[in-house]
Amino acid sequence: MEHFAYHLELCAPLFLLVFLGWALIKIKLFDSAVSRALSKLVFKFLMPMLLFRQMSHLSEMPPVDLRVLIAFFGSCIVVFILGRQMGRRLFAQGSTAQVITGMGGIFGNNVQLGIPIVALALGQNAMPTISVLIIFNVLLLWTTATACVEFGRTGGNIDWAKFVTAMKGIFKNPIVLGILIGSAWGLTGLHLPAVAEKTLEHVTAATTPMALLVVGMGLAQHSFTAALPKGCAISVMKLLVQPLLVYALCRLIGLGQMETQATTLLSSLPVAINLYIMSVEFEAEEAMASNAIFVSTLISAVTVPLTMTLLAV
Numbered sequence: 001m002e003h004f005a006y007h008l009e010l011c012a013p014l015f016l017l018v019f020l021g022w023a024l025i026k027i028k029l030f031d032s033a034v035s036r037a038l039s040k041l042v043f044k045f046l047m048p049m050l051l052f053r054q055m056s057h058l059s060e061m062p063p064v065d066l067r068v069l070i071a072f073f074g075s076c077i078v079v080f081i082l083g084r085q086m087g088r089r090l091f092a093q094g095s096t097a098q099v100i101t102g103m104g105g106i107f108g109n110n111v112q113l114g115i116p117i118v119a120l121a122l123g124q125n126a127m128p129t130i131s132v133l134i135i136f137n138v139l140l141l142w143t144t145a146t147a148c149v150e151f152g153r154t155g156g157n158i159d160w161a162k163f164v165t166a167m168k169g170i171f172k173n174p175i176v177l178g179i180l181i182g183s184a185w186g187l188t189g190l191h192l193p194a195v196a197e198k199t200l201e202h203v204t205a206a207t208t209p210m211a212l213l214v215v216g217m218g219l220a221q222h223s224f225t226a227a228l229p230k231g232c233a234i235s236v237m238k239l240l241v242q243p244l245l246v247y248a249l250c251r252l253i254g255l256g257q258m259e260t261q262a263t264t265l266l267s268s269l270p271v272a273i274n275l276y277i278m279s280v281e282f283e284a285e286e287a288m289a290s291n292a293i294f295v296s297t298l299i300s301a302v303t304v305p306l307t308m309t310l311l312a313v
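The numbering used here puts the first residue of the sequence shown at 1, with every later residue one more than the last.
Some hints could be false.
[What the hints assert, rightly or not] Restraint-style ranges between C-beta atoms, simulated for each label pair:
#, residue 1, residue 2, range
1, Ser59, Phe91, 45 to 51 Å
2, Ala248, Ala205, 35 to 41 Å
3, Leu177, Leu310, 33 to 39 Å
4, Phe224, His3, 26 to 32 Å
5, Leu192, Ala119, 17 to 23 Å
6, Ala226, Leu177, 30 to 36 Å
Calculated directly from the structure, the hints in this document are not laboratory data.
The C-beta atom is built at its ideal place from N, Cα and C for all residues, glycine as well.
I would like the entire structure built from these sequences, with the hints used as guidance.
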C-alpha cells in the first residue's frame, strides 16, 4: 500500500495537469478553437522536438530489444479479436463499428501521456524502446484498421489508391518524423551544437505540461454518459486486459526488466484521441469512442500508478 501511495503521488501532478486542461475549457476561460490550436502545436512541433532531442542521444543509450514488438503487438492481435467479438456479440455492431471497438482496446495515448509517464517512471534509457513501439503502433494499427474497414465495406476488395494514400500519411506524421530524424542523427554519434541543444532544452521543457493540458482540453469536449456501457467495456479491455497480456508475453519470451516495465506501462495507458479521429473517419461509433477516451483517462489516474506499483518501478 505504501508503494502504491508513492506512485499515486508521483503521477498525481501529471493527471492534475490533465484535469486543469479540462477545467479551463469547462469554465470557458478558453474555447475549443484554442484547444485545437494548442493540440496542433503539441503534435506538429513540441512533441516531435522532444522526441528528436531524446533520440539524438541514441548512440549513448542501450540497444533496443526488438522482441518488445512481439510482446506488445502480440497482445494487440488478441485484444483486437476479442474487441471485435465483443462488439458483435454484446453490442450487435456491424463490421466497421467492430473495428472501432477492437481498436479501442489497443490504441493508447502513447505520446501525450505515455512519454511523460514512462520518462518519469523509467528515465531516458526507456525512450528507444517506447519510440520503436510508437512508430510501429502508428504504422501497424492504422494499417490494420484501414484494411479491416475497407474489407468490411467492399466485401474483400480494397481501394488500393485510398489505402496507399493513407499509408503515405503515416510517414508524414510529425511524431514519426521526429523519432526517425532524431534516431538518424543519434546513430552518427555527433553532438548537437551547444546553442541548438540549449534551444531544444527550452522547447522540450514546455512539452510535457502543454501536452497534458491539451489532453484535458480534449476530454472536455467528450461526453461521459454517451454510450457509457460501450465506453466502459473498451476501458476494461485497454486498462486491464491488454497490460496483463503484454506482461505475460514479456515474461514468456524472457524480456529484461526495463523492457518489460516500459512495454507493460505503455500498454496500460488510456484510450487515445486517435480512436475518435478513426471513428469520424470511418463514420461509426463516435459517441462510443469519445466516451471510451473520457472514462479510460479518468480511471487511469488510479490504474497507471497501480501498474507501476505491481511492476516494482
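*Unsatisfied constraints (hint numbers, rising)*: none
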